[in-house]
Amino acid sequence: MKSANQRAWLFVLPVLVLVAFNALIPIMTVVNYSVQETFGDNLFFWQGLDWFQQILRSDRFHAALGRQFLFTGLILAIEIPLGIVIALSMPKRGFWVPVCLVTMALPMLIPWNVVGSMWNIFTLPDIGLLGYFLNHTLGVPYDMTQSPVAAWITIVVMDVWHWTSLVVLLCYAGLMSIPDAYYQAAKIDGASNWAVFRYIQLPKMKTVLTIAILLRFMDSFNIYTEPFTLTGGGPGNSTTLLSIDLVKIALGQFDLGPAAAMSLIYFAITLLVSWVFYTLMTKDDTN
Amino acid sequence: MARITLQNVRHSYLPNPDGDDDYALKEIDHSWEDGGAYALLGPSGCGKSTLLNIISGLRAPSEGRILFGDEDVTDLPPDKRNIAQVFQFPVIYDTMTVYDNLAFPLRNRGRNEKIVKERVTAIAEMLEVTPMLKTRAANLSPDNKQKISMGRGLVRNDVNVVMFDEPLTVIDPHLKWKLRLKLKELHHRVNATMIYVTHDQTEALTFADQVVVMDLGVIVQIGTPVELFERPAHTFVGHFIGSPGMNILPCEIRDGGAFFRGQNVALEGPVTRSGERTEIGVRPEYVTLAPTGIEGVVRKAADIGRHNVIEVVAGDTRISVVSDGNLPEQGETVHLQFRQDQTRLYADGWLASKARS
Ligand SMILES: Nc1ncnc2c1ncn2[C@@H]1O[C@H](COP(=O)(O)OP(=O)(O)OP(=O)(O)O)[C@@H](O)[C@H]1O
Ligand SMILES: [Mg+2]
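Protein sequences appear in the order of chains L and Z. Numbers in this note's numbering are just positions in the first sequence, counted from 1, shifted up by 1173. Numbers in this note's numbering are just positions in the second sequence, counted from 1, shifted up by 190.
Keep in mind that the hints were calculated from the coordinates and are not lab data. Here the structure is a predicted model, which means the values were calculated and not measured. Ideal placement from N, C-alpha and C gives every residue a C-beta, glycine not left out. Worth double-checking, as some hints may not be accurate.
[Claimed, not checked] No more than 35 Å apart at the CA atoms, straight line, and that leaves these computed lysine-lysine pairs for DSBU-like:
#, chain 1, residue 1, chain 2, residue 2
1, Z, 270, L, 1456
2, Z, 372, L, 1377
3, Z, 324, L, 1360
4, L, 1360, Z, 490
5, Z, 307, Z, 372
6, Z, 216, Z, 304
7, Z, 270, L, 1377
8, Z, 307, Z, 324
9, L, 1377, Z, 544
10, L, 1360, Z, 366
11, Z, 368, L, 1377
12, Z, 307, L, 1456
13, Z, 324, Z, 216
14, L, 1265, Z, 270
15, Z, 490, L, 1379
16, Z, 270, L, 1379
17, Z, 374, L, 1360
18, L, 1377, Z, 490
19, Z, 324, Z, 270
20, Z, 324, L, 1379
21, L, 1360, Z, 544
22, L, 1360, Z, 270
23, L, 1377, Z, 307
24, Z, 374, L, 1379
[To be verified] Now the in silico label distances, taken between C-beta atoms and shown as ranges:
#, chain 1, residue 1, chain 2, residue 2, range
25, Z, 390, L, 1183, 52 to 62 Å
26, L, 1272, Z, 362, 56 to 66 Å
27, Z, 390, L, 1272, 51 to 61 Å
28, L, 1334, Z, 362, 48 to 58 Å
29, L, 1375, Z, 234, 52 to 62 Å
30, Z, 234, L, 1183, 49 to 59 Å
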């Protein structure tokens, strides 16, 4: 190849600058904090990898990480199959299509802290619609501020309510791209409904499902606003997810060093798991 | 395997059809003989796919019955009818291997693996895809994908009919004729009734023993390729089949004879019917330039290889002539003679003369 046109770099430059300012520089300051100790007054002492060691060995971090995986695992296990089922049962044409689509999109348009507050009020035992109904009409004791189980059910249901639509819309788009001839051929071939799903619909949805899983994984793994407005991480520490714990350490206790080390570990885990998901889900396409 | 009978089948895509124009199929009353090779030929939108889908059960007709042998299958779904259908664009199951694709219709019907293997191997052999059996179907080229689609239609040996809905649309021209011959050969080996839909007359004429010509939701004529060429039952068939199509000359009927621009034209035989609109039909192959006859002016003359096509205008009627003789000049005045036993009369579009016996 002849020497490439170097002017191309000029066009990429703005993006590089942008990425530098909004990603690289903030991350570098975090890296900077993570290897030092400070007592204020802008005094810093070299700390090496001590903070990383400390975080990785701390029970508090293990517990928060465990809760984080539990949360993400639960919502993925619910939202993905549920999203697929809803997408499959949506009408393909006619008057109801736009109605369904708009209804589906609504929860996603609500600001995250509003979602948290809404569900908080919704589930209040004495005045919330759901809380009152459960406690006083059905007689089921349900109080998020007392029972960790209730708190967990609430944050999971809230996330399912908020984000299943995303999976539905992506899957629906995938389904709509299947030509009618595929269904007709399947009928002629005598395929069962399950076979149609397994060999036609699922393969055609695979790309969008990969995107849906990745998005939902990253989003739920980094989730902060909604559970924080809803439960504040309680009762006790029962719903303190990684991001909530991180903010507690960084801003609550002002332990910048450990918080920085924790951010980097957190970031590395998110990246690693996303990469694993992606590689697993796309490995068939390459051969 | 059985004879397929359509009894007074009509179909409309509208919920409340009102008048013939709302029907995609106006009235189909026809039997397909067991083991025949049929082509269903007609212009785009004439209802060919609709008819196939009604035979296969993908669509229920608005009116009429469908019989396989003596059994009424009108209300049976496709998988209960024992038919196979291949579509215009290849349908393959991406995640499966070629082998599994071909085996799919058999496995869905619970055939045991020994039979599956036997059939798949045989079909792969016929379609020349044996080396690909282990590859994933998603990685095939479009024409191989279509071969696999066809293979799935042919793999069951107990089907009543295999239907092809313009299966060669996506195939490169040079592979087209190869696959077409392959299908013809397969028809002899598989021994099932085959219906081949196309709007390409060459394709229809090479594949079929019997060609069914449709237009505007009705069957216009059924016959062998030779019959369609020699005695079109309708001016549409005459015009649609052959290149250039049949010459259609508006004429007057007087004293049992046909007159074009005041000149008597000898017909093949007696006139059987009359109608509001009468026309003379004669193929360009049976028109010759002669010293006397119908006068016209040469508008265009072209040597298209094996023969010359001359376009003559008489009044405002265009008449094509296929000849091997000398090319006349453009603008030259010529005289045309029609071969009498190939000159027919059409009344309101339909054949209205009878050969002298
Ligand atoms: N699903 C449908 N809904 C409404 N009208 C339809 C539908 N399918 C076909 N039609 C109409 O019915 C008529 C016949 O269509 P059909 O598809 O049977 O034609 P075709 O002969 O197969 O044409 P082509 O050669 O283009 O495939 C057309 O006028 C078409 O517009
Ligand atoms: Mg069609």
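Results of checking the hints against the structure:
1. Z:270 to L:1456: Judged against 35 Å, a Cα distance of about 38 Å means the pair is violated.
2. Z:372 to L:1377: holds, 31 Å
3. Z:324 to L:1360: Holds. Residue 324 of chain Z to residue 1360 of chain L sits at ~25 Å (cutoff 35 Å).
4. L:1360 to Z:490: Given that 35 Å is the threshold and the Cα spacing comes to 53 Å, the pair is violated.
5. Z:307 to Z:372: With Cα atoms ~22 Å apart, residue 307 of chain Z and residue 372 of chain Z stay inside 35 Å; holds.
6. Z:216 to Z:304: violated, 46 Å
7. Z:270 to L:1377: holds, 27 Å
8. Z:307 to Z:324: Holds, because 13 Å separates the two Cα atoms, which is no more than 35 Å.
9. L:1377 to Z:544: Roughly 59 Å between the alpha carbons, so the hint for residue 1377 of chain L and residue 544 of chain Z is violated.
10. L:1360 to Z:366: holds, 27 Å
11. Z:368 to L:1377: holds, 32 Å
12. Z:307 to L:1456: holds, 29 Å
13. Z:324 to Z:216: Violated - the C-alpha atoms of residue 216 of chain Z and residue 324 of chain Z are around 47 Å apart, more than 35 Å.
14. L:1265 to Z:270: OK: residue 1265 of chain L and residue 270 of chain Z at ~26 Å, within 35 Å.
15. Z:490 to L:1379: violated, 59 Å
16. Z:270 to L:1379: holds, 31 Å
17. Z:374 to L:1360: holds, 26 Å
18. L:1377 to Z:490: violated, 54 Å
19. Z:324 to Z:270: holds, 30 Å
20. Z:324 to L:1379: It holds: about 22 Å lies between the C-alpha atoms, which stays within 35 Å.
21. L:1360 to Z:544: Since the Cα atoms of residue 1360 of chain L and residue 544 of chain Z sit roughly 47 Å apart, the hinted pair is violated (cutoff 35 Å).
22. L:1360 to Z:270: Cα-Cα ~10 Å, so holds.
23. L:1377 to Z:307: holds, 28 Å
24. Z:374 to L:1379: Not OK: residue 374 of chain Z and residue 1379 of chain L at ~39 Å, beyond 35 Å, violated.
25. Z:390 to L:1183: 52 to 62 Å: Holds - the Cβ-Cβ distance for residue 390 of chain Z and residue 1183 of chain L, about 54 Å, lies within 52 to 62 Å.
26. L:1272 to Z:362: 56 to 66 Å: Violated, since residue 1272 of chain L and residue 362 of chain Z (Cβ atoms, about 45 Å apart) do not stay within the stated range.
27. Z:390 to L:1272: 51 to 61 Å: violated, 44 Å
28. L:1334 to Z:362: 48 to 58 Å: Given about 52 Å between the Cβ atoms, the range holds.
29. L:1375 to Z:234: 52 to 62 Å: violated, 34 Å
30. Z:234 to L:1183: 49 to 59 Å: holds, 52 Å
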